[in-house]
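If you're matching them up, the sequences are chains A and B in order. Numbering of the first sequence is given in this note's numbering, commencing with residue 1 and proceeding in unit increments. Numbering of the second sequence is given in this note's numbering, commencing with residue 1 and proceeding in unit increments.
Incorrect hints may appear among the rest.
[To be verified] The calculated DSSO-like cross-link candidates involving lysine-lysine, where the alpha carbons are at most 30 Å apart (straight line), are: (1) 267(B) x 257(B); (2) 183(A) x 117(B); (3) 183(A) x 257(B); (4) 132(B) x 111(B); (5) 234(B) x 257(B); (6) 117(B) x 176(B).
[To be verified] Covered, in the sense of this in silico footprint (three residues per stretch, anywhere, with C-beta under 8 Å from a C-beta of chain A), are these stretches of chain B: (7) 130-139; (8) 201-208; (9) 281-288.
[Said to hold, decoys possible] Just a few of them, taken from the derived set where beta-carbon distance is under 8 Å, the chain B residues facing chain A: (10) 49; (11) 62; (12) 64; (13) 97; (14) 99; (15) 113; (16) 115; (17) 245.
What the hints contain is simulated information worked out from the structure, not anything from laboratory work. The model shown is predicted, which means the values in this text are computed figures rather than measured ones. Glycine is no exception: its CB is placed at the ideal position from the N, C-alpha and C atoms.
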Amino acid sequence: MMDMDSDPTVSHLRRLWLYLYCLAVAIFLLAPILVVIPMSFSPSEFLEFPPSSLSLRWYQSLFNSPEWTGAAIISLKAAVLTVLVATPLGIAAAYGLQYSEMGIAKLVRSALIIPLIVPVIIVAIGVFYLFARLNLVNTLTGLVLAHSVLALPFVIVVVSAGLQRFDINQELVARSLGASRVKAFMTVTLPQIRPSVMSAALFAFITSFDEVVVALFVSRGPSSTLTRKMFTSLRDQVSPAIAAISTILILTTFLLALAALASARGDKQQKS
Amino acid sequence: MTSDKQTGKAGVPITIRQLVKTYGNYRALDALDLDIAGGEFLTLLGPSGSGKSTLLMAIAGFIRPDSGLLQFGATDVTRLEPHRRNIGVVFQNYALFPHMTVAQNVAYPLKLRNADKSRIDERVQWALALVKLEGFGDRSIHQLSGGQRQRVALARAVVFEPSVLLMDEPLSALDKKLREHMQIEIRRLHEKLGVTTIYVTHDQREALTMSDRIAVINHGRFAQIGAPKALYEKPASRFVAEFIGDATLLPLDAGQKQPTFRGRAVKTKETPQDNASYIVLRPEKIRLVGKEEDAGWNCFAGTLDDIVYQGESVLLSVRLEGGETLFLRQPTDQQSLAALPQRNQPVEVGLHANDTLIVPEEAA
Ligand SMILES: Nc1ncnc2c1ncn2[C@@H]1O[C@H](COP(=O)(O)OP(=O)(O)OP(=O)(O)O)[C@@H](O)[C@H]1O
Ligand SMILES: [Mg+2]
């Protein structure tokens with residue numbers, strides 16, 4: 001019954017070029033990121049690859065610098081708050097848009113997705129002038145608001161995709177069984193779109209944590225975010241401290257993504 | 001809540017007055033009036049798009065009517081939110097909660113009512129036993145067959161003793177055998193619980209089998225409301241006669257005082273209404289007759305067009321002289337089969353005066 005084509009040894013050999021191609025793409029994508037990691041362990045004043053010897057000198061100096069740790073804390077605060085603002089708002093918007101019977105819903109959806117399409121620099125300039133009037137420049141509130149604007153489209157897109165697979169009749173049944181609208185959403189809908197909500201929250205976190213353009217405009221001096229500080233310090237000197245920060249950022253993001261994957265897998269296993 | 005429900009209690013009566021729901025210019029519910037007795041099993045029957053689901057969803061509270069009145073007992077519920085109406089709803093696709101086990105699904109309405117744990121366990125056991133799913137409590141929804149899911153949905157809808165049970169085509173996703181079995185199960189469950197039940201289907205046979213009364217709905221209006229037998233034997237209009245059961249309708253001659261068909265008087269048991277305009281011929285009410293024209297029969301001459309063997313009966317199609325086609329059923333015992341005429345032979349079809357129905361185009 002077995003077909004020659006499905007014999008694994010033959011096909012693997014035949015597909016060798018494909019594997020090589022994938023490897024090349026992976027190297028192309030990952031090399032610039034990975035090359036930073038060894039450089040961060042260099043003891044020298046300058047970036048060098050490969051490092052002549054290994055040391056934790058730059059990590060030490062980072063953790064001992066109140067400027068850098070302060071910036072890191074601001075970045076974390078902004079990212080967490082952005083998650084807390086953008087995720088519920090985005091879920092509510094996605095839900096409303098999904099089940100709205102009004103014709104205007106499509107238009108509203110496009111409007112909410114716009115920050116994804118418009119160059120960030122334009123959003124940044126707009127936000128800067130608006131915040132200048134509202135006295136929000138250089139405040140955490142302002143930064144979180146601006147980042148939430150950028151994160152919202154991601155949340156809406158991801159949660160909408162999750163809702164598409166959800167059967168709204170379940171919510172109707174829950175309501176008939178005695179649940180208020182909110183209760184029905186919390187006990188029936190939300191648990192089932194949980195994987196989407198998790199990835200949406202992750203997107204929101206990374207959107208804020210990675211963001212530099214808006215931060216350049218609205219977070220200055222003591223309220224600088226980590227990325228902004230990296231950007232400005234790169235202008236003065238290129239020290240392995242930057243590589244050390246990058247390594248930490250890479251690790252954080254990687255762990256977050258891993259956590260999101262694990263939770264999504266957990267949900268799947270629970271279902272089957 | 002009392003656990004001894006074997007005897008059943010009377011469900012609440014439902015009153016619907018002048019209920020209107022429009023979508024744009026279309027009247028999905030066109031000023032409906034309906035009284036449902038407490039504990040009655042009423043079926044909404046109608047073609048696709050006739051407004052069955054719309055009416056059901058309005059009763060459930062998911063659709064807000066433009067105007068009109070809806071009462072459960074003496075309580076006006078027209079504007080009441082769904083979760084305060086104490087209704088059980090079963091959908092066609094079951095709408096079970098896949099992130100909960102069978103028992104958790106059934107316990108859901110009880111948890112919302114803050115019942116204590118032992119009470120919940122007891123009720124869940126009771127409801128699962130009611131739908132013959134004892135021991136399935138720990139299963140996940142994914143491990144159930146379609147019929148079993150349907151039962152869980154039923155158990156969940158009745159476990160909290162709702163005053164009204166609403167079902168929207170709950171069996172249409174099941175195969176024919178299982179569907180017929182579940183029809184009987186649902187009927188049995190209804191008798192046990194005595195809950196006022198509104199059941200939606202577009203399967204006329206299902207409606208005839210299960211209901212105390214059937215409300216035939218078409219274009220957002222009731223075409224006729226009555227007991228299954230009354231609807232079948234005394235349809236009020238051409239639409240009902242054609243929709244319930246199989247029937248060929250022959251138009252009566254226009255402008256005659258007495259009903260005539262192609263110049264021949266049509267004999268009936270009762271004097272027909274003035275606006276009566278069609279004779280209803282059902283396959284099981286007509287038969288092949290000899291040339292001798294009995295006084296009690298209305299006869300139609302034609303040619304035997306086709307004979308289709310269907311197992312429990314043979315279906316004959318007869319083309320009348322005017323070109324209309326009649327269908328009639330014959331039993332499949334050897335004697336009847338042997339007596340069947342050949343194809344393309346002239347035959348005479350008889351309809352007894354007692355079985356002769358004459359209906360108007362529109363109900364009066
Ligand atoms: N949300 C809506 N917007 C516009 N028209 C609607 C809406 N819901 C229903 N309708 C219309 O109202 C009419 C009645 O619909 P309904 O769903 O009640 O039909 P139904 O009798 O349940 O049909 P089916 O047997 O196909 O389920 C249909 O013509 C339908 O197109
Ligand atoms: Mg329907």
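We went through each hint and held it up to the structure:
Our distance criterion of 30 Å between C-alpha atoms is met by residue 267(B) and residue 257(B), whose separation comes to about 13 Å. The suggested pairing of residue 183(A) with residue 117(B) holds, with an alpha-carbon distance near 20 Å, which does not exceed 30 Å. Straight-line distance between C-alpha atoms of residue 183(A) and residue 257(B) comes to about 66 Å, which puts the hinted pair past the 30 Å bound. With a CA separation close to 22 Å, the supplied pair residue 132(B) and residue 111(B) stays within the 30 Å bound.
In summary, the hint linking residue 234(B) to residue 257(B) is supported, as the alpha carbons are separated by about 22 Å, within the 30 Å threshold. Pair hint residue 117(B) plus residue 176(B) does not hold up; C-alpha atoms about 39 Å apart against a cutoff of 30 Å. Here's how the segment 130-139 of chain B fares: 0 of its residues keep a CB closer than 8 Å to some CB of chain A, so the rule of at least three is not met and the hint is violated. With 0 residues having a beta carbon nearer than 8 Å to a beta carbon of chain A, the segment 201-208 of chain B misses the requirement of three or more and the stated coverage is violated.
Proximity of the segment 281-288 of chain B to chain A, defined as three or more residues with a beta carbon under 8 Å from a beta carbon of that chain, is not established by the 0 residues found. Violation of the interface hint for residue 49(B) is found here, the shortest Cβ-Cβ separation to chain A being roughly 18 Å, above the 8 Å cut-off. At its closest, the beta carbon of residue 62(B) sits 6 Å from a beta carbon of chain A; the interface hint therefore holds under the 8 Å criterion. Given the 8 Å rule on beta carbons, the hint for residue 64(B) is violated: about 12 Å separates it from the nearest Cβ of chain A.
A cut of 8 Å between beta carbons decides the hint on residue 97(B): the least distance to chain A is about 6 Å, and the hint holds. The criterion of a C-beta within 8 Å of any C-beta in chain A is met by residue 99(B), whose closest approach is roughly 5 Å, and the hint holds. Hint status for residue 113(B): holds, given a least beta-carbon distance of 6 Å to chain A, under 8 Å. For residue 115(B), the shortest C-beta to C-beta distance to chain A is roughly 11 Å, which exceeds 8 Å, and the interface hint is violated.
A distance limit of 8 Å between C-beta atoms decides the matter here; for residue 245(B) the minimum to chain A is near 32 Å, and the interface restraint is violated.
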